[in-house]
Amino acid sequence: MTMSDAEMDREWKPSSKVRPQSTMAQAFSSALDSAFMLDSDVNHLSLTIDQKKQQMAIQTRELEYLQARIREAEERLQAQAHNPSASASQAGRVTGEQGRPSGELGVIGARSPAQSLPIRTG
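Residue numbering for the sequence shown follows UniProt numbering, starting at 1 and increasing by one per position.
Derived from the structure by calculation, the hints contain no laboratory data. Because the structure is a prediction, the values reported are computed rather than measured. Hints are all accurate, no fakes.
Straight-line distance between alpha carbons at most 20 angstroms, and here's what the computed EDC-like set of lysine to aspartate or glutamate pairs gives:
(1) K52 to E62
(2) K52 to D41
(3) K52 to E64
(4) K53 to D41
(5) K53 to E64
Using the sequences and the accompanying hints, generate a full structural model.
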């Protein structure tokens with residue numbers, strides 16, 4: 001008794017094993033990758049993306065730091081506007097040796113935003 005093609009197709013079951021890739025197919029794949037520089041482009045793009053993410057995280061922390069400093073300065077200005085007699089006495093205390101407010105980044109010993117904030121990754 002011979003089976004028809006339809007019967008053979010119904011009874012055929014794919015093997016559960018993954019067919020190994022031949023040496024020739026691997027060599028061809030490698031030749032294509034090197035010809036079009038697929039591997040190096042992907043690696044380069046991945047590295048560039050990681051660097052930009054890290055740079056953006058640093059800049060975000062610096063921006064948050066500067067925004068907090070601006071809010072503090074605005075609060076001090078509002079407090080001085082409500083209490084003008086205290087502003088004259090504070091002006092002598094707040095100004096450092098170099099004539100800059102003591103919280104300014106240019107003061108000796110002051111940290112930059114990147115130094116003062118912990119680095120978060122991910």
